[in-house]
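Novice: One-letter residues, chain by chain:
There are 2 protein chains.
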Amino acid sequence: MQASGGADFLQLSPRSAPARGLTGWLADAIRGAIIDGRLRVGAPLPATRVLADDLGVSRGVIVEAYQRLTQEGLVGGRPGAGTRVLRPPRVSAHAEVSEAAEVSVDDAEPGEAGSPTASPGPVRAGGMPGPGELPQRWRSQAELDLSPGVPDLSGFPRGAWLRAERMALDRASTADLGYGDPRGSELLRRELAGWLARARGLRADPDDIIVVTGVAQALALLGQWLKANTDGRIAMEDPGSRGSRDQLAYWGLRPVPIPVDDEGLRVADLAGSGLPAVMLTPAHQFPTGVALAPVRRRRLLDWAADTDALVIEDDYDAEYRYDRAPVPALQASAPSQVAYTGSTSKTLAPGLRLGWLVPPRRLHADLVAAKRAADLGSPALPQLVLAQLIASGELERHIRLVRKRQRTRRDALFGALREHLPEARVRGVAAGLHLLVTFGEGDIAIDDAELADRIHRAGVLVHPLSWHRQRPGAPGLVLGYAVHTPDQLREAARRIASVTRAARPAAGVGTGGRLG
Amino acid sequence: MQASGGADFLQLSPRSAPARGLTGWLADAIRGAIIDGRLRVGAPLPATRVLADDLGVSRGVIVEAYQRLTQEGLVGGRPGAGTRVLRPPRVSAHAEVSEAAEVSVDDAEPGEAGSPTASPGPVRAGGMPGPGELPQRWRSQAELDLSPGVPDLSGFPRGAWLRAERMALDRASTADLGYGDPRGSELLRRELAGWLARARGLRADPDDIIVVTGVAQALALLGQWLKANTDGRIAMEDPGSRGSRDQLAYWGLRPVPIPVDDEGLRVADLAGSGLPAVMLTPAHQFPTGVALAPVRRRRLLDWAADTDALVIEDDYDAEYRYDRAPVPALQASAPSQVAYTGSTSKTLAPGLRLGWLVPPRRLHADLVAAKRAADLGSPALPQLVLAQLIASGELERHIRLVRKRQRTRRDALFGALREHLPEARVRGVAAGLHLLVTFGEGDIAIDDAELADRIHRAGVLVHPLSWHRQRPGAPGLVLGYAVHTPDQLREAARRIASVTRAARPAAGVGTGGRLG
Chain E
7 MQASGGADFL
17 QLSPRSAPAR
27 GLTGWLADAI
37 RGAIIDGRLR
47 VGAPLPATRV
57 LADDLGVSRG
67 VIVEAYQRLT
77 QEGLVGGRPG
87 AGTRVLRPPR
97 VSAHAEVSEA
107 AEVSVDDAEP
117 GEAGSPTASP
127 GPVRAGGMPG
137 PGELPQRWRS
147 QAELDLSPGV
157 PDLSGFPRGA
167 WLRAERMALD
177 RASTADLGYG
187 DPRGSELLRR
197 ELAGWLARAR
207 GLRADPDDII
217 VVTGVAQALA
227 LLGQWLKANT
237 DGRIAMEDPG
247 SRGSRDQLAY
257 WGLRPVPIPV
267 DDEGLRVADL
277 AGSGLPAVML
287 TPAHQFPTGV
297 ALAPVRRRRL
307 LDWAADTDAL
317 VIEDDYDAEY
327 RYDRAPVPAL
337 QASAPSQVAY
347 TGSTSKTLAP
357 GLRLGWLVPP
367 RRLHADLVAA
377 KRAADLGSPA
387 LPQLVLAQLI
397 ASGELERHIR
407 LVRKRQRTRR
417 DALFGALREH
427 LPEARVRGVA
437 AGLHLLVTFG
447 EGDIAIDDAE
457 LADRIHRAGV
467 LVHPLSWHRQ
477 RPGAPGLVLG
487 YAVHTPDQLR
497 EAARRIASVT
507 RAARPAAGVG
517 TGGRLG
Chain P
7 MQASGGADFL
17 QLSPRSAPAR
27 GLTGWLADAI
37 RGAIIDGRLR
47 VGAPLPATRV
57 LADDLGVSRG
67 VIVEAYQRLT
77 QEGLVGGRPG
87 AGTRVLRPPR
97 VSAHAEVSEA
107 AEVSVDDAEP
117 GEAGSPTASP
127 GPVRAGGMPG
137 PGELPQRWRS
147 QAELDLSPGV
157 PDLSGFPRGA
167 WLRAERMALD
177 RASTADLGYG
187 DPRGSELLRR
197 ELAGWLARAR
207 GLRADPDDII
217 VVTGVAQALA
227 LLGQWLKANT
237 DGRIAMEDPG
247 SRGSRDQLAY
257 WGLRPVPIPV
267 DDEGLRVADL
277 AGSGLPAVML
287 TPAHQFPTGV
297 ALAPVRRRRL
307 LDWAADTDAL
317 VIEDDYDAEY
327 RYDRAPVPAL
337 QASAPSQVAY
347 TGSTSKTLAP
357 GLRLGWLVPP
367 RRLHADLVAA
377 KRAADLGSPA
387 LPQLVLAQLI
397 ASGELERHIR
407 LVRKRQRTRR
417 DALFGALREH
427 LPEARVRGVA
437 AGLHLLVTFG
447 EGDIAIDDAE
457 LADRIHRAGV
467 LVHPLSWHRQ
477 RPGAPGLVLG
487 YAVHTPDQLR
497 EAARRIASVT
507 RAARPAAGVG
517 TGGRLG
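Chains as they are written, first to last, in this note's numbering: chain E, 7 to 522; chain P, 7 to 522.
If you are wondering where the hints come from, they were derived from the structure by calculation, not from laboratory data.
Do not take every clue at face value.
Identical chains share a label here; the pair holds if one copy fits it or two copies do between them.
Stated by the list, open to error - Calculated cross-link-like contacts (lysine to any residue; reagent style SDA-like; alpha-carbon spacing at most 25 angstroms):
| hint | residue 1 | residue 2 |
| --- | --- | --- |
| 1 | 410 | 180 |
| 2 | 410 | 274 |
| 3 | 233 | 257 |
| 4 | 233 | 372 |
| 5 | 410 | 234 |
| 6 | 233 | 82 |
| 7 | 410 | 400 |
| 8 | 410 | 63 |
| 9 | 410 | 424 |
| 10 | 410 | 27 |
| 11 | 410 | 77 |
| 12 | 410 | 50 |
| 13 | 410 | 179 |
| 14 | 233 | 313 |
| 15 | 410 | 53 |
| 16 | 410 | 313 |
| 17 | 233 | 314 |
| 18 | 233 | 311 |
| 19 | 233 | 192 |
Bear in mind the structure is a predicted one, so any value in this text is a computation, not a measurement.
From just these sequences and the hints, can you work out the full model?
Specialist: Here it is in structure tokens:
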């Protein structure tokens with residue numbers, strides 16, 4: 007077997023090199039790669055020793071080629087930092103490369119096409135952000151961003167996470183790092199089964215749980231199942247999460263809006279509908295914040311049992327509960343009708359993309375097959391870290407800490423709204439990370455999108471309630487309070503109140519009491 | 007606003023508690039949860055102080071309830087470790103709970119259903135493991151497991167990973183932890199663009215890259231696109247990765263087998279086929295190990311350009327190249343026809359589920375929409391860690407180290423096969439993590455599945471080539487060498503040779519030269 011097969015770097019092979027003039031050949035190859043963009047500004051060249059070894063040539067050849075390119079100003083090096091590409095050569099046939107190319111890696115190639123036209127922006131939708139996006143005019147940054155659905159990421163427990171990761175790496179077997187069970191790490195599923203039983207009343211064995219890449223993936227898997235096994239219609243809360251709606255629609259389902267009132271989803275509307283499925287947020291409805299009333303819970307589960315319908319329970323922010331009695335998950339009462347899903351997006355960070363799906367057993371095998379076909383299973387290390395955080399009690403400590411902080415923020419925003427906009431009705435205060443502001447009878451004609459637009463011009467980003475509706479309804483504003491300090495929230499409330507009052511001079515400003 | 011809304015723990019609410027007898031009420035609630043399985047053996051009870059605070063009752067109530075349960079033998083505690091559930095109570099109406107329940111969390115609930123019937127086993131398929139599974143008789147553990155497709159996980163760079171994670175957590179912005187770009191972290195896409203350009207010749211801007219949860223997800227996204235935009239047929243290598251084939255079939259595609267010979271895929275067979283797509287492993291064909299011959303590379307890309315077909319390039323183990331010249335990715339020659347995909351599964355660990363997809367630009371927006379609908383984007387932290395490992399040069403150092411180790415293993419297995427089974431032909435030695443053993447003309451009738459079965463009984467797990475075929479063809483054995491030491495591999499070769507020779511007494515044993 008011969009010793010050297012060439013270098014991965016630029017796929018250089020000594021076999022394609024000339025017998026003489028190796029230095030020139032190498033310098034040409036590197037120069038060519040800089041010109042055609044394979045080597046960009048800042049790209050490292052291999053260490054001379056390493057490349058000489060790969061190519062089976064003397065180190066002097068490499069050193070000389072690098073020197074030649076250095077003299078041309080194309081590459082340069084600092085001791086210890088290696089040799090890197092400094093700038094593209096000036097090629098007369100191409101457009102002159104501006105000086106800006108020297109400092110910005112992003113803009114290094116004005117001649118090549120930049121971003122594809124359909125460059126997607128970041129996703130910032132409702133309680134369960136999904137494919138839906140805010141209209142363009144709200145996407146620009148606001149001074150105070152009260153978009154709902156975003157937790158306080160400044161509180162992410164970086165130290166605890168790193169400690170847990172060290173422990174997880176210490177303990178991980180090679181099997182843990184291999185192609186694993188598509189349902190997810192057994193260790194995590196065991197911890198989750200205990201955690202969900204204690205905190206949410208869930209009835210699930212570790213083997214019932216499928217670890218997913220966030221609630222979004224749970225909906226993708228369930229959407230595929232429903233599309234293949236039902237007529238594709240699904241009842242959804244109206245108003246409700248636009249992200250969830252858009253996502254299920256992507257998978258071929260047809261969302262059917264069911265109104266939400268002060269007791270949650272109007273379950274009576276499901277009777278006789280023949281709908282094969284319903285998706286809802288019973289613990290804290292998005293965006294109205296109401297909890298599904300006990301009598302409706304019972305009727306919903308009766309309806310599902312009678313018609314063999316599937317209930318998708320999105321428990322997206324159940325961990326944030328301030329001054330109302332805890333309610334177990336729907337799944338606890340009807341594990342054979344309810345597919346339960348939740349995630350760490352609101353307790354730790356959405357960027358973890360780590361959630362769970364607990365489906366009825368009759369769906370389990372199909373959903374595992376779908377998960378396997380989607381990605382063979384979720385990444386292992388974050389699962390092991392989360393298992394460690396649950397087992398050590400760190401997750402629970404973190405949630406208690408954040409909940410306390412969020413309660414203070416909620417109090418600040420709620421108090422300021424009562425002070426500055428007393429005629430508005432504020433709902434959803436007992437739990438979650440957002441409030442819903444609605445207006446009195448006289449304000450039924452308010453265009454909340456227009457109002458949100460004006461508030462945005464005052465530096466505060468809020469969601470108009472209409473943006474989360476499928477059918478027209480009363481106007482409102484959805485205000486997330488998770489990411490701002492009490493002072494910032496009070497300032498936001500002042501501006502919202504001031505813009506809202508200016509926007510409706512006809513209405514009874516200063517009438518005092520709640521009108522809603 | 008009232009102070010206490012109750013406890014998440016068992017959803018206990020002081021509002022549902024009696025005015026008197028709080029201790030009994032609490033003990034009953036906890037006992038009930040232990041009986042119905044919400045609290046399992048080993049589950050922690052909240053600290054008395056915390057639960058007293060949640061419920062707005064005196065701590066003495068909690069302490070007394072815990073003491074009552076301790077006396078019943080249901081819970082117990084050690085100082086510092088908190089109070090935990092010890093065993094389920096003996097309930098006469100139910101089946102007696104065996105003593106085994108005390109020691110095993112898994113078996114704690116004999117009355118409840120255990121695993122679902124369709125409990126999926128771990129996935130261990132070919133070069134790109136997918137939904138396909140080995141037949142049951144090969145799934146049991148063998149003393150020496152030479153399944154291809156599994157890298158050496160004992161070499162996972164745990165220290166480097168943890169260091170990079172610390173740095174990533176230090177530097178991560180709150181935006182990095184939020185709902186991100188469905189294409190993946192910009193930092194990682196920038197590092198990948200440079201890395202893939204240098205090491206594989208790829209022509210891609212950071213914005214062209216979609217970070218995916220392994221090559222499996224890349225195929226899922228491409229499969230959806232092809233199903234929606236073509237007649238659904240796709241040419242695939244035969245023999246080829248069974249996992250990839252099964253996976254694309256899941257997404258509704260119809261794989262069309264195209265034979266592979268010593269120069270790779272028989273590209274001529276594509277002419278006039280009208281096939282809208284082809285998937286192949288050009289750098290190191292799975293499982294034969296051949297590289298696509300230069301003239302075939304050219305013809306394949308010509309065919310794709312002429313017929314506007316999509317070429318899916320699975321670059322699954324390009325990092326392992328020992329004694330042959332490096333070949334740039336196909337994508338480097340035809341970025342508008344080729345969808346390139348690769349992952350860290352063979353260089354770091356499959357459990358990371360971290361890969362990339364570089365599609366032609368005309369597919370880009372659709373694939374990003376599909377990625378978003380699948381999971382909103384891949385987990386952020388592992389992406390930031392990988393970006394750090396590339397930027398610091400740690401990934402390259404790791405690959406060089408592992409490649410050296412794998413070369414030694416390859417040499418050991420190859421040498422032992424030449425010594426003990428000289429009449430066999432061994433292919434695919436110049437690269438990758440596996441070899442293909444085929445036999446002489448006289449052995450064309452060997453049943454390789456039967457042979458692999460006998461070898462398995464001798465304690466060595468290998469894949470029969472027929473298992474990776476769509477159509478019948480010459481027999482062979484696929485041997486992965488990544489996870490064993492040279493000594494183990496020599497022992498495996500001895501056993502394979504011994505079983506193989508015993509299995510075919512009629513053939514010319516000891517004829518010496520290569521027959522294939």
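Novice: Please go over all the hints and tell whether each is borne out by the structure.
Specialist: Right, here's what the structure says about each hint:
For the identical chains of this complex, residue 410 and residue 180 are inter-copy neighbours only, at 20 angstroms across copies versus 40 angstroms inside a copy, given an alpha-carbon limit of 25 angstroms. Taking CA atoms no more than 25 angstroms apart as the test, residue 410 paired with residue 274 passes in neither setting, with 37 angstroms inside one copy and 68 angstroms between copies. For the identical chains of this complex, residue 233 and residue 257 are neighbours both inside a copy (7 angstroms) and across copies (14 angstroms), given an alpha-carbon limit of 25 angstroms. In this assembly of identical chains, the alpha carbons of residue 233 and residue 372 lie at most 25 angstroms apart whether taken from the same copy (12 angstroms) or from different copies (20 angstroms).
Taking identical chains as interchangeable, the C-alpha atoms of residue 410 and residue 234 are never at most 25 angstroms apart, the minima being 44 angstroms within one chain and 49 angstroms between chains. With identical chains, the CA atoms of residue 233 and residue 82 are never at most 25 angstroms apart, being 58 angstroms at best within one copy and 49 angstroms at best between copies. Proximity of residue 410 to residue 400 under the C-alpha cut-off of 25 angstroms is restricted to the intra-copy arrangement: shortest distance 16 angstroms within a copy versus 41 angstroms between copies. Only between protomers do residue 410 and residue 63 lie at most 25 angstroms apart by alpha-carbon distance; the minimum there is 19 angstroms, versus 65 angstroms within a single protomer.
Taking the shortest alpha-carbon separations for residue 410 and residue 424, only the intra-copy value of 21 angstroms comes in at or below 25 angstroms, while the best inter-copy value is 70 angstroms. Taking the shortest alpha-carbon separations for residue 410 and residue 27, neither the intra-copy value of 71 angstroms nor the inter-copy value of 30 angstroms comes in at or below 25 angstroms. Within a single copy, residue 410 and residue 77 get their C-alpha atoms no closer than 62 angstroms, and across copies no closer than 35 angstroms, so neither meets the 25 angstroms cut-off. In the homo-oligomer, the alpha carbons of residue 410 and residue 50 lie at most 25 angstroms apart only across protomers (22 angstroms), although the nearest pairing inside one protomer, at 48 angstroms, exceeds that limit.
Taking the shortest Cα distances, residue 410 and residue 179 sit within 25 angstroms of each other only across copies (23 angstroms), while inside one copy they are farther apart (37 angstroms). In this homomeric assembly, residue 233 and residue 313 come within 25 angstroms of each other (Cα to Cα) only inside a single copy, at 18 angstroms, whereas the closest approach across copies is 33 angstroms. Taking the closest pair of Cα atoms, residue 410 and residue 53 come within 25 angstroms of each other only across two copies (18 angstroms); inside a single copy the shortest separation is 53 angstroms, beyond that limit. Taking the shortest alpha-carbon separations for residue 410 and residue 313, neither the intra-copy value of 42 angstroms nor the inter-copy value of 62 angstroms comes in at or below 25 angstroms.
Proximity of residue 233 to residue 314 under the C-alpha cut-off of 25 angstroms is restricted to the intra-copy arrangement: shortest distance 16 angstroms within a copy versus 31 angstroms between copies. Taking the closest pair of Cα atoms, residue 233 and residue 311 come within 25 angstroms of each other only inside a single copy of the chain (20 angstroms); across copies the shortest separation is 36 angstroms, beyond that limit. Taking the shortest alpha-carbon separations for residue 233 and residue 192, neither the intra-copy value of 29 angstroms nor the inter-copy value of 34 angstroms comes in at or below 25 angstroms.
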